[in-house]
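Peer 1: Place chain P on chain Z using the hints.
Respectively, the protein sequence lines represent chains Z and P.
For the first sequence, my numbering assigns the number 2 to the initial residue and increments by one for each residue that follows.
For the second sequence, my numbering assigns the number 2 to the initial residue and increments by one for each residue that follows.
There could be a bad hint or two in this list.
Stated by the list, open to error - Partial pick of chain Z residues on the chain P-facing surface, computed with a CB cut under 8 Å: (1) 24; (2) 48; (3) 77; (4) 80; (5) 81; (6) 85; (7) 86; (8) 87; (9) 95; (10) 96; (11) 97.
Hints were generated in silico from the structure; no laboratory data involved.
Cβ coordinates follow ideal geometry from the N, Cα and C atoms, glycine included.
2 protein chains.
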Amino acid sequence: MRLIGIDPGTGILGFGVIDRLDYNSLQIIDAGVIRTPAKQNDADRLKIIYDELRAIILQTKPSVMAVEKLFFAQNVTTAMSVSQARGVILLCAKEAELEIFEYTPLQIKQSLTGYGRAEKKQVQEMVKVILKLDHIPKPDDCADALAAAITHSMSIGS
Amino acid sequence: MRLIGIDPGTGILGFGVIDRLDYNSLQIIDAGVIRTPAKQNDADRLKIIYDELRAIILQTKPSVMAVEKLFFAQNVTTAMSVSQARGVILLCAKEAELEIFEYTPLQIKQSLTGYGRAEKKQVQEMVKVILKLDHIPKPDDCADALAAAITHSMSIGS
Chain Z
2 MRLIGIDPGT GILGFGVIDR LDYNSLQIID AGVIRTPAKQ NDADRLKIIY DELRAIILQT
62 KPSVMAVEKL FFAQNVTTAM SVSQARGVIL LCAKEAELEI FEYTPLQIKQ SLTGYGRAEK
122 KQVQEMVKVI LKLDHIPKPD DCADALAAAI THSMSIGS
Chain P
2 MRLIGIDPGT GILGFGVIDR LDYNSLQIID AGVIRTPAKQ NDADRLKIIY DELRAIILQT
62 KPSVMAVEKL FFAQNVTTAM SVSQARGVIL LCAKEAELEI FEYTPLQIKQ SLTGYGRAEK
122 KQVQEMVKVI LKLDHIPKPD DCADALAAAI THSMSIGS
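Extracted from the complex, chain Z is given alone in its bound form (with noise of 0.2 Å):
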């Protein structure tokens, strides 16, 4: 099975694309960001987060996207912001038929360390071991997407 784990954003979205071979067997596929500029206005860093993971969906097949849930913030202006890309993010799984599936980032730490209240750092150094990398995937937003697809994989069980 073939899982995109996405990290939403307006500026940067982290998306991670793995292979789930079987429980304890996991191989990564593709994994980066897609960056908007912050000088354009909403419309038209929307229109690019869809057209650029739309490619991106096209080109790798996954049947399932992870999506992190929004863990509310204390800014307003953020979580908005945050929600408008998740808006067209649901929008090009659904065209493109995945399966989707939401967690929230206490459900993502606590399934790849076993700690809900887990650092970051930690989270990433695991997205590491069990992707078998050499070094943790860069920038952040990649590392998290990664956890994203992970937390689902292990959702299903063995």
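Peer 2: Just chain P now, with coordinates in the frame of chain Z:
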């Protein structure tokens, strides 16, 4: 000039299309709402909004979109849901190459009634008067969408 006004929402989205003949002469072309079933998931509902709004834009061919800007509510869940819908609405506008303008509820009230704290009912009454309608368009989302379009028309000047 033809304008489409939008009152964003996931459960119900209002739209109103008007022609601006000149500063004092506006004509209603179409108005209504897009409803999505509460029992469906976010992705399904966003896809309905995307498909229906795109069809309305293709059919009525506006050159400008005026969107009500989220006035931040106490309810964060609602704010995030409305923002997801806004993401898809802005994408539709961008794909159809519409110019996009955003107005806060305060700006809309100010434009239509001259008073930023006017009652909702007063704004709706002005929509009826300005567009020379027999009655106030229903539901409220539809009247609010027309009010956004009228606000943009007034902002252009004579």
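Peer 1: Take the hints in turn and mark each one as holding or not.
Peer 2: Okay, the hints, checked on the actual structure:
1. The interface hint given for residue 24 of chain Z is violated, since its Cβ lies 27 Å from the closest Cβ of chain P, which is over the 8 Å cut-off.
2. Interface hint status for residue 48 of chain Z: upheld, as the beta-carbon distance to the closest one in chain P is roughly 4 Å, under 8 Å.
3. Against a cut-off of 8 Å between C-beta atoms, the interface hint on residue 77 of chain Z holds, since the closest Cβ of chain P lies about 6 Å away.
4. For the restraint placing residue 80 of chain Z at the interface with chain P, the shortest Cβ-Cβ distance is roughly 6 Å, inside the 8 Å limit, so the hint holds.
5. A cut of 8 Å between beta carbons decides the hint on residue 81 of chain Z: the least distance to chain P is about 4 Å, and the hint holds.
6. Evaluation of the residue 85 of chain Z hint against chain P yields a held restraint, the C-beta minimum of about 4 Å falling below 8 Å.
7. At its closest, the beta carbon of residue 86 of chain Z sits 6 Å from a beta carbon of chain P; the interface hint therefore holds under the 8 Å criterion.
8. Using the Cβ-Cβ criterion of 8 Å, the hint placing residue 87 of chain Z at the interface with chain P is satisfied: the shortest such distance is roughly 5 Å.
9. Interface hint status for residue 95 of chain Z: upheld, as the beta-carbon distance to the closest one in chain P is roughly 4 Å, under 8 Å.
10. Below 8 Å, beta-carbon pairs count as interface contacts, and residue 96 of chain Z has one with chain P at about 7 Å; its hint therefore holds.
11. For residue 97 of chain Z, the interface hint is violated, since its Cβ never comes within 8 Å of a Cβ in chain P; the closest pair sits about 11 Å apart.
In the structure shown, a violation is registered for the earlier hints numbered 1, 11, in ascending order.
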